[in-house]
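Please put together the full structure from these sequences, using the hints given.
Residue numbers (full-length UniProt numbering), protein chains in the order written: chain A, 1 to 366; chain B, 1 to 366; chain C, 1 to 366; chain D, 1 to 366.
Among the hints, a few may not be true.
[Stated by the list, open to error] What the simulated footprint calls covered on chain B by chain C, stretch by stretch (three residues with Cβ under 8 Å from a Cβ of chain C suffice, anywhere in the stretch; the number is not a length): (1) 208 to 215; (2) 227 to 236; (3) 252 to 260; (4) 263 to 273.
[Stated by the list, open to error] Examples of chain B residues lying across from chain A (beta carbon under 10 Å, computed): (5) Leu22; (6) Leu34; (7) Met353.
[Stated by the list, open to error] Label pairs and their calculated CB-CB ranges: (8) C:Thr242 to A:Arg52: 51 to 59 Å; (9) B:Pro253 to D:Lys335: 34 to 42 Å; (10) A:Gly28 to B:Arg292: 35 to 43 Å; (11) D:Arg112 to A:Asp359: 48 to 56 Å; (12) B:Pro253 to A:Val54: 53 to 61 Å; (13) B:Arg292 to A:Gly315: 21 to 29 Å; (14) D:Ala167 to A:Gly251: 50 to 58 Å; (15) C:Glu222 to D:Pro20: 25 to 33 Å; (16) C:Glu222 to B:Asp166: 43 to 51 Å; (17) A:Ala192 to C:Glu222: 31 to 39 Å; (18) C:Ser310 to D:Gly93: 34 to 42 Å; (19) B:Asn223 to C:Asp166: 41 to 49 Å; (20) B:Leu221 to A:Asp197: 51 to 59 Å; (21) C:Thr242 to A:Val54: 51 to 59 Å.
In short, the hints are calculated from the structure, not lab data.
If you're wondering where the values come from, they're calculated on a predicted model, not measured in any experiment.
Virtual Cβ for every residue (Gly too), placed ideally from N, Cα, C.
Protein chains: 4
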Amino acid sequence: MTKDLTHETVAHGMQPEDTPELRALYQGFADHHLIPLWTQTGDLMPMHPKPRAVPHLWRWKDLLPLAEASGALVPVGRGGERRAIGLANPGLGGAAYVSPTLWAAIQYLGPRETAPEHRHAQNAFRFVVEGEGVWTVVNGDPVRMSRGDLLLTPGWNFHGHHNDTDAPMAWIDGLDIPFSKQNDVGFFEFGADRVTDYATPRFSQGERLWAHPGLRPLSKLENTVSSPLAAFRWEHTDRALTEQLLLEDEGQPATYSLGHAGIRYVNPTTGGDVMPTIRCQFHRLRAGAASRMRRDVGSSVFQVFSGRGSVVLGGVEHALDIGDMFVVPSWVPWKLQAETQFDLFHFSDAPIMERLHFDRTAFVED
Amino acid sequence: MTKDLTHETVAHGMQPEDTPELRALYQGFADHHLIPLWTQTGDLMPMHPKPRAVPHLWRWKDLLPLAEASGALVPVGRGGERRAIGLANPGLGGAAYVSPTLWAAIQYLGPRETAPEHRHAQNAFRFVVEGEGVWTVVNGDPVRMSRGDLLLTPGWNFHGHHNDTDAPMAWIDGLDIPFSKQNDVGFFEFGADRVTDYATPRFSQGERLWAHPGLRPLSKLENTVSSPLAAFRWEHTDRALTEQLLLEDEGQPATYSLGHAGIRYVNPTTGGDVMPTIRCQFHRLRAGAASRMRRDVGSSVFQVFSGRGSVVLGGVEHALDIGDMFVVPSWVPWKLQAETQFDLFHFSDAPIMERLHFDRTAFVED
Amino acid sequence: MTKDLTHETVAHGMQPEDTPELRALYQGFADHHLIPLWTQTGDLMPMHPKPRAVPHLWRWKDLLPLAEASGALVPVGRGGERRAIGLANPGLGGAAYVSPTLWAAIQYLGPRETAPEHRHAQNAFRFVVEGEGVWTVVNGDPVRMSRGDLLLTPGWNFHGHHNDTDAPMAWIDGLDIPFSKQNDVGFFEFGADRVTDYATPRFSQGERLWAHPGLRPLSKLENTVSSPLAAFRWEHTDRALTEQLLLEDEGQPATYSLGHAGIRYVNPTTGGDVMPTIRCQFHRLRAGAASRMRRDVGSSVFQVFSGRGSVVLGGVEHALDIGDMFVVPSWVPWKLQAETQFDLFHFSDAPIMERLHFDRTAFVED
Amino acid sequence: MTKDLTHETVAHGMQPEDTPELRALYQGFADHHLIPLWTQTGDLMPMHPKPRAVPHLWRWKDLLPLAEASGALVPVGRGGERRAIGLANPGLGGAAYVSPTLWAAIQYLGPRETAPEHRHAQNAFRFVVEGEGVWTVVNGDPVRMSRGDLLLTPGWNFHGHHNDTDAPMAWIDGLDIPFSKQNDVGFFEFGADRVTDYATPRFSQGERLWAHPGLRPLSKLENTVSSPLAAFRWEHTDRALTEQLLLEDEGQPATYSLGHAGIRYVNPTTGGDVMPTIRCQFHRLRAGAASRMRRDVGSSVFQVFSGRGSVVLGGVEHALDIGDMFVVPSWVPWKLQAETQFDLFHFSDAPIMERLHFDRTAFVED
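This is how it looks when you write it as structure tokens:
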């Protein structure tokens, strides 16, 4: 087999001759809801992933004003449920999907507003790139949302949000809505129209039970599918990344690659991903550092949290600013480059790929 | 919340007033590849799975003649790769998908024909409802295909088929092509144009190593993602089902439900499913018995292997004959009923649902 | 540190000077139930395992006549429970322990005798080197015992035996009695004085449900701690070993090492060991073949099943005949050598070592 | 079976008649290193665990002065390795074993002293009931030891200690020496005579990488057998326990039982026990609270960390003061009672019991 030979080109050349008999056969297929493989092998089974989703970048300077405008025009309440605006991958034909598996949105809550409670089989998280003042109430536990925090709402937990301040707040949401929709796994249930508890504690009950490193309550020895710790505070993330770079300075093997620190948010009952379908990570690159160019099976979304840098995405370099979001479809090569110290939040469908053993990564020569 | 209130009806009533400002906002969304959640919550996040795929039945008396006609008109060889005709769910808009995750096809190989070798990330199996004479060669190991056998080709194993006889043979294929295509995980590689070994042994090397109940070779102590036993013979399946019904007669708890015996094909290194995305099972109902009416998250395909009976599928009863195939989309209620002793092969995407913790089952009152 | 320096020699040289003050201190220790580490480090924490148990060989020609004599003199019944004679490792000071973890015995049941039912936390198995005619009834399921069979009685299952013939029968038992006794984990309960079912079926219910390669009953999808398949028949073991050697002849990677076939008996719900504390395996060497000389952490017991050969055990070669049993204490080097085709049953405490991560193996130059 | 009937009494009554033939048989057993089961069933297989180890209490007011006296009389250095004094269970016949599986000791290091480096297969930890100033250097990583801290030295990690101050320091050690010795799994290797790094950082490298709740370094995604976090600080333990009691006050399900808070120290890569053989936990009871009376299979050791209370141990109540240590052998009933707020450190062999499926717990009516 020569290197140039691809499934697609071969398939194209191999179709049977167009005869009346063949047409009759094909009509028979159509009549009986059948489709032959040989006319579409190359499309159904490509040589490597050829996503319809395309690499794309959304600018925070575009997202935030549109979210603010929505705040003035669109009520939040039962029915619409959330004032959330989904990033629609230009390759996915008008669906509000950032990738085939993931949904990403900016959500906006005005002063003193409440987003009513509901629950769904879909897994969800919020990440706060700026602002504060909202509490998300998850199964009755009020969880503060502040800059740099990751907050979880794993599947089938009731949740609502309320803004306790006179200023609006925006953040990003990530969910597995496209995967759930595509594979018909979604369930949904309404809860209270108001949140069940308007208290505004500094720390959620989940944190008070679980945010003690290496310690597990004796009352909670059963492992859980998703993390019982549902708030991951910026203070800890920042400290973990800072220590990795300091350890690297001291000659210790602590960073992911040279000048590139990173953490994965995990379920403390298992050490594994926080939810069954979504991986959450955070990257910090030193000024001047770059990550290795790589391809991964599965799709990822990044949001710049602080600093300045760029991403080389499918061969194109994009300068990045705070709040900017971009999607990396399956098998598209990507590489981060830091001008200043550069911090990025990152989520992906990697748990799906790994649990089903479809995961592959290849490093690419620059 | 009243029983009548659904997400969909509520969402419908809650849209913001149509004003020039709102139109400008929506145009801004469109300009920046954004889609608001509030206009489509009910569609994206339904109260329960509302599959586009529909329940559907394909008759063996239709499938087999079309496969035979293909044998006369369509060559098998490099490019088209396989003379396989996919069951296209009428709800899925013309894709060759039996469900959102699964591909099911009838494959046909004429006398003395060879289907060339290739490998792909997609997981595959064959099940033989009638006939014999073909060997599938998996990573160099020739595997006989006979009536009632289940044969595996887990992801990334080279495989080709050849017919050693002067009679044609047809069988069914099951793969995770739709899932792989949708989630961009597929890889494909061509192998030899002929199969690497035309030997026709009664038992494959895999069986000779692994088909000894409760015994594991000392040379193979590492667990594998998919089953190293790649041929499950009818003789064993039949005996297992026969024994379950005899044990039930003796008052022992052996059957799945009264008069309903069943086995799951498993990976002997783990006791779990044979492949990471596809579950394979076999059911036998006594004459007069019925399974319990149930709904499951995820989709299933059945093929009648022997006997006569019916399925109640989404509220409609269909009489079934040997070779008939039907698909049960997610959350559609189904129930088997046996007129005579009734044997059915069954495959599904249950491993996906379970590994991602989306699995749910509900039993339904008749 | 020089190569000659050992913990033991160093410790010896480092004791504090014997003074009245030291004697008073040591008396204080004794008064308060204290023992200093520095007087016994080398003994408590040797450089490598220094088992008190010694390699030892028991001849079947000695064992069987003594068992037969017991049959004449010692009743079997409630209280003594079993006519079993334990192999007492000469290094273990008079305990009926073949090693620190394992108990091995020859058990004898006269014509028409019954050994009453009981259950215990200890895990047990029987292996039959010759004879037939006894059924062991495990939780009400009568299990035939025939030459070459391995029969399990995992912890806390009621079991009794009865001899259905006019000839006596002897077999070997293996249990984790020493481990259980040492670590205080044992529970015991009497059952019926007679066995609950005197039926003599060819196959147990457990086999009828589970002895179908790669097939699992739909009624039994929960994994179990020990194997639900409790009878492993010689017919299957023999065939598995035969096939491995034939595959080796064909150039396939099937044997454990050259001319050395082997199987592990496994729990079909997990693919792991049949019981939590005891591993069971079977080895077959071709005439003229030898295994590699090795040391393992943990102890093993072998019984010759057929053929002639020898073992090199702790540097001493012992010729072996059918029924002969020998013990390999921890870290003692061992190697099998076959004169004719040479079959050996083998059990060990390897699951304990592996689950607690104490397992180590080293291959030794001859 | 009546309640009074025990295995022991039954066995006793069932011995065969003492005849010359029986004596000859028994002599034959002795000659061939065999021991019959029927003479010792009740001892080998008791109705429930009957440990040789007895409940026992060691007073800190006795332990500490003896450790101090050792400091004056016994050098610490290569050979003796550690100035550690083991708690010898009075039931275990003079071995330095606190239980059949566990070793517990008080260790003492004088001003500016160094305990040289070594490594062993045995798992070890230290817990500090009072004092500070020593660093234990584990695989080159200096780990501060301060009041209330738990410090790990999992099997086969090099480690030494040095006292950086002009005051002595004492702490307790826990190891699995008896288990290792009994089962012949121990390996030992000398390291440097001095510790490899005399730095005295506030936090170890392990903590800097791992002590961030719910965050895992991207550079360390492989799970480890033992915890890579090797220092569990009092500050976190105290806060976790405080929060549990506050949550209980608020009506949340956070404590282990009423007024009884508790944490388990865990491996952050798995959420499981810190080492394969030793469980470490910490209990806090409110003034006036009591734990439920219970029996467990396996043995435990407690040390009072602060407060005043008592333990009911095998039916006997013992008043307890800071530093006091007691052992609970297998199946002995125990119950804690708090006079003031009462804090206790606790370690056990529970991972052994659970991994081998011998664990059982029974709650006992007071």
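> Which of the stated hints cannot be reconciled with the structure, identified by number in ascending sequence?
Replying inline: Per hint list: 13, 14, 15 violated.
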